[in-house]
Amino acid sequence: MSHQFQLFARPAEGSLERILRTVRARGFEVQDMSVRLEGGRYHVRLRVGGQRDPGMLARQLEKLWDVEHLAALQAAPEAREPMGSRVSAA
Amino acid sequence: MPADADTASPHRSPDGRPGNGAWAVLEVLKRHQVETVFGYPGGAIMPLYDAMAQDASPIRHILTRHEQGAAFAANGYARASGRLGVCIATSGPGATNLITAVADAHMDSIPLLVITGQVPTSLLGTDAFQETDVLGLSLPITKHSYLVRHVGELEAVLEEAIHLAQEGRPGPVWVDIPKDVQLASVRLSGFVPGVKAAGEAGTPDEDALERAHELLAAARRPVIYAGGGVALGHAVPAFRDFVARTGAPVVTTLKGIGLLSPDDPRNLGMLGMHGAPCANRAVQAADLLVVVGARFDDRATGRLAAFAPEAQVIHLDVDPAEMAKLRPPEVALVGDLNHLLPRLARPLAIEAWRDQCARSRQTEGFRLPPQRPEGGFPALRFLDALSRRAGDQTYVACDVGQHQMWVAQYYGFSHPRRHLTSGGLGAMGFGLPAAIGAQLAHPDARVVNVSGDGSFMMNVQELATLGRYGLPVKIVLFDNQYLGMVRQQQALFYEGRLSSVDLSDNPDFVQVAQAFGIPARRFEGADAMEAAIRACLETPGPLLLHLPIEREQNVWPIVGPGMSNDQMIQEDVA
Ligand SMILES: Cc1ncc(C[n+]2csc(CCOP(=O)(O)OP(=O)(O)O)c2C)c(N)n1
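So the protein sequences, as listed, match chains A and B. Read the first sequence against this note's numbering and you will find it ends at 75, with the numbers running on by one and no gaps. Read the second sequence against this note's numbering and you will find it ends at 741, with the numbers running on by one and no gaps.
Be aware that one or more of the hints could be misleading.
Claimed, not checked - Which chain B residues face chain A? A few, computed with CB under 10 Å, are given here:
| # | residue |
| --- | --- |
| 1 | L302 |
| 2 | G303 |
| 3 | S305 |
| 4 | L306 |
| 5 | S312 |
| 6 | R316 |
| 7 | L331 |
| 8 | D486 |
| 9 | M490 |
| 10 | L493 |
| 11 | P495 |
| 12 | E497 |
FYI, nobody ran anything at the bench for these hints, they're computed from the structure. Note that beta-carbon positions come from the ideal geometry of N, C-alpha and C, so glycine has one too.
Could you put the whole structure together from the sequences, leaning on the hints where they help?
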């Protein structure tokens, strides 16, 4: 199962690592990710795969101090356009 | 002069401002009434130690003999006091030595501020001497962490860190401060952090409260399952009131022990792997679980799929991320327990269930086994008797293993804060430094460290700290010459193949303690119990009581790996 999230995070040192390790440690794998530094904060779009409850992952991500806002998007179809795995400073 | 030179500008101008980053750290700590810190110096944290040396009204610094000892002592200080614990170390090995105790604080939600020195910013990322990526190491074991690259951020970071460590669900927050940042000049602004929005207790959800009332009214066999979150949330009186109003039977986790008096008929005791049969049976039969500040930890639930199979769940916790993490509740109530519990408190018509649980408590509570004449020192009787005679103001810091479970089962605690135990991490070596922290938090209280011969050796060097500060901690050392808990599981679940658990070459613990200047006495055999209790209660200073116990004594009952809580093994069949 794929699940898609969009989140905004403070661009603090380690904030992207925290997001990624939360995904991994809670039992999901990153399938696609894009990060853009916009208006002084990271805008992260994330597609993850995993068998566990995506709501659980969402709550763990929201709990990160750096994460200011998180929205769970619709469950993503397995095959779709990649969002790109780039980090760009806008 | 380069910013990271060892010789810096004075810490303060004559009028005290501005100072350098190290001075700012101390000022912010004082602003938050931090009176005691625990630590160990080294190169990258020298400016902070130098600032302490020059401080006219210094914070008390407790020098331990290992950074793990410092962090566990700060952890014990925080557990016993409910206040922030602070520990300090240098970069590289100093920081890595802290990790076990910080992970412990993370697992058990203990408010800890961890301050480390780091190599100067110009050397970050160059594999400099004693450089480790502390921010990276800290990520999975802290609530949050910071690397402060500019002195201008330092005050705000420290304020935020202190706030974060204590707000909502507490936890450790780590601030890594490069040496040049400690040395750079700074002026304090008196920054006060904003209140955290995410995860913070909001107003209770009225619909959820109404649904919870419906479930409570309909329940015939409700059980309150309470954990460490109650005391962490400073909600013990609210919890006791809730229990009194509802009259529902209560089971507690390891960290919830002490929420109710051990003699309270509603208190069925600890649930889980080494729980009381009456507690596990009540949960398995319950039609409603009111989960208060607990998190469905596997040691409490046994096989989750078989846990409380007939129960609906109302889950109360300050941390939204605990909701449905393991067991989806019918009703989730996120918020401050002090607000939520009174809203739910109402008398329940459950007389028959209450009577059934009270009877089961009589027949299936923890009961002292008969003392075998040939058995060694009577550990369980000793703990039971000590708790009856030591008084309510006694703090007991355990290590990890069988002795830890015996304390949980047989020591009657009057409040969860009196029981310091490494619950989530289960870290051997916790007990002695945590007892040191508890004694410093409560200088006039009685503090006892109950340890095993394996665990004690993990932070034995802290005997020197005990001696240095003259702390009257009593160390009760149950010596079975085994890594007992592992031996028991090998005996029961690995067909008796004992593997690397023999400690029969232990040192002479009395001599070890004496070498550190700590008085020590050995008490052997069943007849020595009274003398040991008196020594523990009446000796004015520190004392190690070496208590050789029967080597193959087990903890009962036990739920085997992967088993459900109604499959308790109750008899010694090893
Ligand atoms: C740091 C650490 N290493 C290993 C373990 C695994 N472990 C759990 S209990 C135990 C034995 C503890 O022995 P001892 O302190 O003598 O206590 P006893 O069980 O004999 O009462 C071990 C090795 C642990 N919990 N912590």
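Tested hints:
1. L302: 5 Å, holds
2. G303: 7 Å, holds
3. S305: 8 Å, holds
4. L306: Result: holds, 6 Å to nearest chain A Cβ.
5. S312: 7 Å, holds
6. R316: Given a least distance of 8 Å, the restraint on B:R316 holds.
7. L331: Result: holds, 6 Å to nearest chain A Cβ.
8. D486: 7 Å, holds
9. M490: Hint holds; B:M490 Cβ to chain A Cβ min 7 Å, cut 10 Å.
10. L493: 9 Å, holds
11. P495: 8 Å, holds
12. E497: This interface hint is violated because 15 Å lies over the 10 Å limit.
Violated hint for the displayed structure: number 12, the only one.
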